[in-house]
Amino acid sequence: RKEVEQDPGPFNVPEGATVAFNCTYSNSASQSFFWYRQDCRKEPKLLMSVYSSGNEDGRFTAQLNRASQYISLLIRDSKLSDSATYLCVVNRPNDYKLSFGAGTTVTVRA
Amino acid sequence: GAVVSQHPSRVICKSGTSVKIECRSLDFQATTMFWYRQFPKQSLMLMATSNEGSKATYEQGVEKDKFLINHASLTLSTLTVTSAHPEDSSFYICSAPPGGPSDTQYFGPGTRLTVL
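Going down the list, the sequences are from chains R and C. The first sequence begins at 2 in the numbering used here and counts up one residue at a time. The second sequence begins at 29 in the numbering used here and counts up one residue at a time.
Just so you know, the hints here were simulated from the structure itself, not pulled from any lab data. It is possible that some hints are incorrect.
[Unchecked claim] Dumping the calculated PhoX-like pairs for lysine-lysine here, alpha-carbon to alpha-carbon at most 25 Å:
1. R:K98 - C:K92
2. C:K83 - R:K98
3. C:K69 - R:K46
[Said to hold, decoys possible] Covered stretches of chain R, as calculated for chain C (at least 3 residues, CB under 8 Å):
4. 37-48
5. 101-108
[Unchecked claim] Per label pair, the in silico range of CB-to-CB distance:
6. C:T142 - R:K46: 31 to 37 Å
7. R:N66 - C:S46: 44 to 50 Å
8. R:K3 - C:P114: 22 to 28 Å
9. C:S46 - R:G59: 42 to 48 Å
10. C:P36 - R:D8: 31 to 37 Å
11. C:P36 - R:S69: 40 to 46 Å
Just so you know, even glycine gets a beta-carbon here, dropped at the ideal spot from N, CA and C.
Hey, can you work out the whole structure from these sequences and the hints?
This is the structure in structure tokens:
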């Protein structure tokens, strides 16, 4: 089983729509969780960390469900500029290194 | 925010040649840097951890003699792909955490390697 699994999508949504997707992680001892954004042929950039109580950053909301070992990301009022691949990232519990999901592709259309 | 650069951004080489990729932290010092590889439509895979002043540590399945890592200073790590073959063609990305290995990782812009 992969350490981090994501629905690859693509999620094609119109501008202004809400889109949400999850990722699951295999190691229940993981402590740190992140969403990164990766544009085509570019490096990943940190979008937000995910906290136990859930957190919001503008139009982005992240949730963590430890019991079911999944993390979610919700994007409200989608913009064309939100089109990207969103990477779910989880720390390896035995060290500080990161495990990446393969990404969920979101395409926002006008 | 912390800035990490990589050079070159793109390289095309013939099979059998060696290619060196540089990763620099521009506005902070990094005792640790990470090297990743990403194949199309796949996740980033950690290849190795570069440690300033000591040997790099490699992930399982990564050949240390093929992927040579040198962390020459607190702002520079290099990855050399030796005797590159077409299957080594990939997107190589480094990252550096400003506050130590467990800190947030900032990524370089990546190097796209194509081996003919």
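Enumerated hints in conflict with the structure, sorted upward: 6
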